[in-house]
Amino acid sequence: MLQVLIQGLLLSGLYALIAVGFTLIFSVGRVLNLAYGAYLLIGGYVYFHFAQTLGLPKFAGVALAGIFGCAMGVLKYQLLVKPLKGNHVAIEISSLILAVFLQYAVVFAFGDSSKILLPIIPGVERVAGAAIPYSNLFAAIASWIILIALWAYVRFTHMGRAMQAVSMDAKGAAISGIDANRVNMTTWAISGTLGAIAGVFFASYTQLYPGMWVAPLIVAVAVVIVGGIGSIMGTLLVAHIIGFLEVLTSSLIAPELRGVFTMVLIIAILVLRPQGLLGREEL
Amino acid sequence: MGLRWYHYVLWAAFIGGMFVLPEFVSRGTLRTLIFANFLAIFAISWDALSGRTGYISFGHTFLIGIGAYTTAILTKRFGVPVEVSIPLAVIATMIGGLIVLLPALRIRGSYFALVTLAMMELIYQLVQVIRPDLTGGTRGMSGLPTLTRGAANGYYMSVSLMLAIALSTWLLMRTRLGTALWAIGMNEDAVAGSGLSPTRLKMIAFLTSAFIAGLGGAVYIHYLGSIAPRALFDINFVFTIIVAALIGGAGTIVGPIIGAFFLTFLLEYLRPWLPGAERYMVYAGLALILYMVQPKGLASLVTDAAARLRRAP
Chain A
218 MLQVLIQGLL LSGLYALIAV GFTLIFSVGR VLNLAYGAYL LIGGYVYFHF
268 AQTLGLPKFA GVALAGIFGC AMGVLKYQLL VKPLKGNHVA IEISSLILAV
318 FLQYAVVFAF GDSSKILLPI IPGVERVAGA AIPYSNLFAA IASWIILIAL
368 WAYVRFTHMG RAMQAVSMDA KGAAISGIDA NRVNMTTWAI SGTLGAIAGV
418 FFASYTQLYP GMWVAPLIVA VAVVIVGGIG SIMGTLLVAH IIGFLEVLTS
468 SLIAPELRGV FTMVLIIAIL VLRPQGLLGR EEL
Chain B
34 MGLRWYHYVL WAAFIGGMFV LPEFVSRGTL RTLIFANFLA IFAISWDALS
84 GRTGYISFGH TFLIGIGAYT TAILTKRFGV PVEVSIPLAV IATMIGGLIV
134 LLPALRIRGS YFALVTLAMM ELIYQLVQVI RPDLTGGTRG MSGLPTLTRG
184 AANGYYMSVS LMLAIALSTW LLMRTRLGTA LWAIGMNEDA VAGSGLSPTR
234 LKMIAFLTSA FIAGLGGAVY IHYLGSIAPR ALFDINFVFT IIVAALIGGA
284 GTIVGPIIGA FFLTFLLEYL RPWLPGAERY MVYAGLALIL YMVQPKGLAS
334 LVTDAAARLR RAP
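From first to last, the protein sequence lines stand for chains A and B. Taking our numbering, I'd label the letters of the first sequence as residues 218 to 500. Taking our numbering, I'd label the letters of the second sequence as residues 34 to 346.
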C-alpha cells in the first residue's frame, strides 16, 4: 500500500510537470500544441548528448535541455503559430507534422535504437520493500519546485497576470494595453523550457527512444481535458488522479492496462462534461 | 449534379490510364502503386469525415483498425469466408463510426481531435490485452487468407477499389449533401439556422467515412495477409493519411489521390539515399513546407495554374 502511495506520488509529480507546459499554451494561446511531446523528446536527447556523450556535468545537461526547449518554443511560435494567425486547425495539423519531423530528425542524428539514461543522481532508497531511485525522487521534488515557482510567477508577476488576462479574454486584454504577442511568446518559451526539462526526467524514468513523445502527449492531453483550461492547481490535482489511476491499475489489475482508464476517463469527461472538472464554462 | 462533358473525359482518361499502367512499369513499381492506392483510399475516407466538416480526426486508424481486425478475426479464428467477412467488417466499422460521432455531437474543434486521439490509443491498448487468443495480442496475426496472388492482380484489385470509391465519393459530394457538409465546416450554427439538421449531416459524413475506412482496411489486410496492432494504431500511420489528404488538397477527391501517390513515390525514391526511417524526416519537412505555403494542397496549385492559363490565351 505504501509502495503504491509512493510510486503514485512520484509519477504524479512528473505528470504534473509534463502537463503544465501543455496547459499553459492551451489556456493562453488556445492552441493545441501537438508538438509538445517533441519538446520532451528533444530535451531528453539534448541531455543525453551533452551530459552522457560529451560528459558535461549533469546539471549543465539539464540546463542545456531547458535552453534548447526554450529556443524551440520561441522558434515554433515565430515560424509556425504566428504566420497561421489563429487558424487552429492549421496550427494543430502543422504541429503534428512538426512533431513527426522532429521524431525522425532524432532518428537521423542518434539512430533508431533506444538509449538508457544514467540516473541524474545514482543510488536507490528502499522504503517498505519498494525501491525508489534517487533520480525519480529528485525528478518529483524538482517538479514540485518548478510548479510552485510557476504558480507564483503566474499569480504575482506582471507578465503572469497578463497571461491570465489573455487566457480569460484576449480582446479585453488587448484593450487594457497588454501586448498579446509578447505574452504569447513568453508562454511558448516557458512551455518549451518546461517540456524539455520534463523530457529529461521522463526519459530517465522510462527510456529514451525516438517514439517516446506520444505517451507524455497523451498524458498532457488527458490532464488538460479532465482538469479544464486555465488552472495550474487543476492541472496538479488531475495529474495526481491520473498518476494514481495508472499506478493502481498496473499494481492491482494488470500492467498492460495502465493507460486504459486514462483514455476512458478522457472520453467520458469529454462526452459528459466538456469543460472539464474544474475548468471555466466555455467551449 | 452539373456534370459536364470534360468531367466524363477526365474520369475516363484517369481510369483508362490507371488500368493500362501495369503494361509499362516494373513489378517493383507496381507494389509501390498498390500501397499508394490503399493510402489514397484511407485519405479519401479521412477527407470525407474531416476535410469538409472541419471535425479533424487524429485517430482515423481507429476505424480502419476495426474493419481490419473484424475481418482478420472472422477469417482466422472462425473460418468465415472472405466474401462474408468483409461486408461484416464494413458494418462493424460503421458502428465504430457512430461511436466517433457521439463526441462530435457535443464538442467541437480541438476537443474533438483530442477525443479521437484518445480513442485510437484506447483501442490500441485494449487489442493487446483483451482476448489475445482472438486478436493475437501484441504480435498480431499472420497467415490470413489473401485475395490475390502476384503484383499485377493485387494492382488491379486495389486500383479498381480505389477508383470505385473515388468516383462514388466524388458523385456523392457533388450533390447538395456535399455542399451542406462544406457549410458545416464553415459555420455549423448557420447550417442549423437554415433548417438543416447538422446532426443528420454529420452522421452521414461519419458513416460514409467509416464505410470507406472499413472496406479499405479489410481489403488491405487481405492483401497483406497479416495484421499487427502497432502498425495500425500508430500516430505515424495517422500522420501519413492526414498528410496525404492535406498535401493533395482537403475537401476534394483528386487531392487525396494526388497526395497519396506523391508521398508514396517520394518515400520510394528516397530509399537509395536514406535507407532507414530517416526518410520520414525529409517527408515530414517537405509536407510542413508545402502545408505552410499552400494549405489547400497540390490540387489547388494545379487548378490555379489552369485558371491562369485559361485567362491568358
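Hints were generated in silico from the structure; no laboratory data involved. Beta carbons are placed, not taken as given, at the ideal position from N, Cα and C, and that holds for glycine. Warning: the hint list may mix true and false statements.
What the hints assert, rightly or not - Here are some, though not all, of the chain B residues that point toward chain A, as calculated from beta-carbon distances under 7 Å:
| hint | residue |
| --- | --- |
| 1 | Ile132 |
| 2 | Pro136 |
| 3 | Leu147 |
| 4 | Glu154 |
| 5 | Leu155 |
| 6 | Val162 |
| 7 | Phe272 |
| 8 | Ala310 |
| 9 | Ala317 |
| 10 | Ala320 |
| 11 | Leu323 |
| 12 | Tyr324 |
| 13 | Gln327 |
| 14 | Pro328 |
Stated by the list, open to error - Straight-line distance between alpha carbons at most 25 Å, and here's what the computed DSS-like set of lysine-lysine pairs gives:
| hint | chain 1 | residue 1 | chain 2 | residue 2 |
| --- | --- | --- | --- | --- |
| 15 | B | Lys329 | B | Lys235 |
| 16 | B | Lys235 | A | Lys299 |
| 17 | A | Lys275 | A | Lys332 |
| 18 | A | Lys302 | B | Lys329 |
| 19 | A | Lys275 | A | Lys388 |
| 20 | A | Lys302 | A | Lys388 |
Tested hints:
For Ile132 (chain B), the suggested interface contact is broken, since its CB lies about 9 Å from the closest CB of chain A, more than 7 Å. Because the closest C-beta pair between Pro136 (chain B) and chain A is about 5 Å apart, less than 7 Å, the hint holds. The closest approach between the C-beta of Leu147 (chain B) and any C-beta of chain A is roughly 5 Å, which is under the 7 Å cut-off, so the hint is satisfied. Residue-level restraint check for Glu154 (chain B) holds (minimum Cβ-Cβ distance to chain A is 6 Å; threshold 7 Å).
A hinted interface residue such as Leu155 (chain B) counts as satisfied when its beta carbon comes closer than 7 Å to some beta carbon of chain A; here the least separation is about 4 Å, so the hint holds. A hinted interface residue such as Val162 (chain B) counts as satisfied when its beta carbon comes closer than 7 Å to some beta carbon of chain A; here the least separation is about 5 Å, so the hint holds. A hinted interface residue such as Phe272 (chain B) counts as satisfied when its beta carbon comes closer than 7 Å to some beta carbon of chain A; here the least separation is about 5 Å, so the hint holds. The interface hint given for Ala310 (chain B) is met, as the beta carbon of that residue sits about 5 Å from the closest beta carbon of chain A, less than 7 Å.
Given hint, Ala317 (chain B) at the interface with chain A, holds; its Cβ is 4 Å from that chain's nearest Cβ, closer than 7 Å. Interface hint status for Ala320 (chain B): upheld, as the beta-carbon distance to the closest one in chain A is roughly 5 Å, under 7 Å. Taking 7 Å as the C-beta cut-off, the interface hint given for Leu323 (chain B) is violated, the closest approach to chain A being about 10 Å. About 6 Å separates the beta-carbon of Tyr324 (chain B) from the nearest beta-carbon of chain A, less than 7 Å, and the hint is met.
Taken as an interface hint, Gln327 (chain B) does not check out: its beta carbon lies about 11 Å from the nearest beta carbon of chain A, beyond 7 Å. Annotation: interface hint on Pro328 (chain B) holds; nearest CB of chain A at approximately 6 Å, less than 7 Å. For a cut-off of 25 Å, the pair hint linking Lys329 (chain B) to Lys235 (chain B) stands: about 22 Å separates their Cα positions. Our distance criterion of 25 Å between C-alpha atoms is broken by Lys235 (chain B) and Lys299 (chain A), whose separation comes to about 31 Å.
In summary, the hint linking Lys275 (chain A) to Lys332 (chain A) is supported, as the alpha carbons are separated by about 16 Å, within the 25 Å threshold. The straight-line distance between the Cα atoms of Lys302 (chain A) and Lys329 (chain B) is roughly 16 Å, inside the 25 Å bound, and the hint therefore holds. For the hint linking Lys275 (chain A) to Lys388 (chain A), the alpha-carbon distance of about 44 Å lies beyond 25 Å, and the restraint is violated. A distance of roughly 15 Å separates the Cα atoms of Lys302 (chain A) and Lys388 (chain A); the hinted pair therefore holds under the 25 Å criterion.
This entry does not satisfy hints 1, 11, 13, 16 and 19, going by the numbered hints stated previously.
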